[in-house]
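**Student:** If you read the protein sequences in the order shown, they are chains P and Z. Quick note: the first sequence, position 5, residue 5 per our numbering, numbers continuous. Quick note: the second sequence, position 63, residue 63 per our numbering, numbers continuous.
Warning: the hint list may mix true and false statements.
No farther apart than 20 Å at their CA atoms in a straight line, the calculated lysine to aspartate or glutamate pairs in the EDC-like style are these [what the hints assert, rightly or not]:
1. Lys-36(P) with Glu-58(P)
2. Lys-40(P) with Asp-83(Z)
3. Lys-41(P) with Asp-58(Z)
4. Lys-99(Z) with Glu-58(P)
5. Lys-9(P) with Glu-58(P)
6. Lys-38(P) with Glu-15(Z)
7. Lys-36(P) with Asp-83(Z)
8. Lys-41(P) with Glu-45(Z)
9. Lys-56(Z) with Glu-45(Z)
10. Lys-41(P) with Glu-5(Z)
It is worth saying that the hints were derived from the structure and are not from the lab.
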Amino acid sequence: DTEVTQTPKHLVMGMTNKKSLKCEQHMGHRAMYWYKQKAKKPPELMFVYSYEKLSINESVPSRFSPECPNSSLLNLHLHALQPEDSALYLCASSQQAGGFNEQFFGPGTRLTVL
Amino acid sequence: QKEVEQNSGPLSVPEGAIASLNCTYSDRGSQSFFWYRQYSGKSPELIMFIYSNGDKEDGRFTAQLNKASQYVSLLIRDSQPSDSATYLCAVEYTGTASKLTFGTGTRLQVTL
């Protein structure tokens, strides 16, 4: 299994809603990432987890809350989002964190905040 | 500010020709270089990575790295219409624990 899976594919939510994005990999990778990508822009790193511990938070607003329950699973909890948070949210994984490790992306969740 | 620069394109090449995509980066302390292909509305797909100076070939793709010139390129031989996509260059800088810095991407159009 060489895939990173993400659910849901699409999500529409209001500004007062709470929702979660889910990412799963079964490649034995020990580093997992959340990226945000706006239209016609490159992906922007949000969070890095290494061995289930948060190692990088790129000054992301607290309305985004990541969680890594185990080495295969990564969640992103969303609360009180703004319309400008509408974007493609990408999960990625790599064998390790810290150099010379290729990152593989999941298909993404397209989020629309109304 | 660590930067990765790419020409946004579009780069238009005829079918069967060689497409040459270029990327420059600002920090000599970089260690890993990646090329991702992204179709419209889809997620980035890793197509090549290179860590050492020189050329690395994989099928129709060749990545070239010149650390002295801070330059990495991707050659696509025998370009096909299915190669039409945005190509993202990504650089991992030393000491940033797998943080990839992406260029803005070059849009490639392969014409019939």
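**Student:** Does each hint hold? Answer for all of them.
**Tutor:** Status of each hint after checking the structure:
{"no.": "1", "hint": "Lys-36(P) with Glu-58(P)", "verdict": "11 Å, holds"}
{"no.": "2", "hint": "Lys-40(P) with Asp-83(Z)", "verdict": "18 Å, holds"}
{"no.": "3", "hint": "Lys-41(P) with Asp-58(Z)", "verdict": "27 Å, violated"}
{"no.": "4", "hint": "Lys-99(Z) with Glu-58(P)", "verdict": "10 Å, holds"}
{"no.": "5", "hint": "Lys-9(P) with Glu-58(P)", "verdict": "24 Å, violated"}
{"no.": "6", "hint": "Lys-38(P) with Glu-15(Z)", "verdict": "30 Å, violated"}
{"no.": "7", "hint": "Lys-36(P) with Asp-83(Z)", "verdict": "24 Å, violated"}
{"no.": "8", "hint": "Lys-41(P) with Glu-45(Z)", "verdict": "15 Å, holds"}
{"no.": "9", "hint": "Lys-56(Z) with Glu-45(Z)", "verdict": "18 Å, holds"}
{"no.": "10", "hint": "Lys-41(P) with Glu-5(Z)", "verdict": "13 Å, holds"}
Hints 3, 5, 6, 7, counting from the list given before, are not met by this structure.
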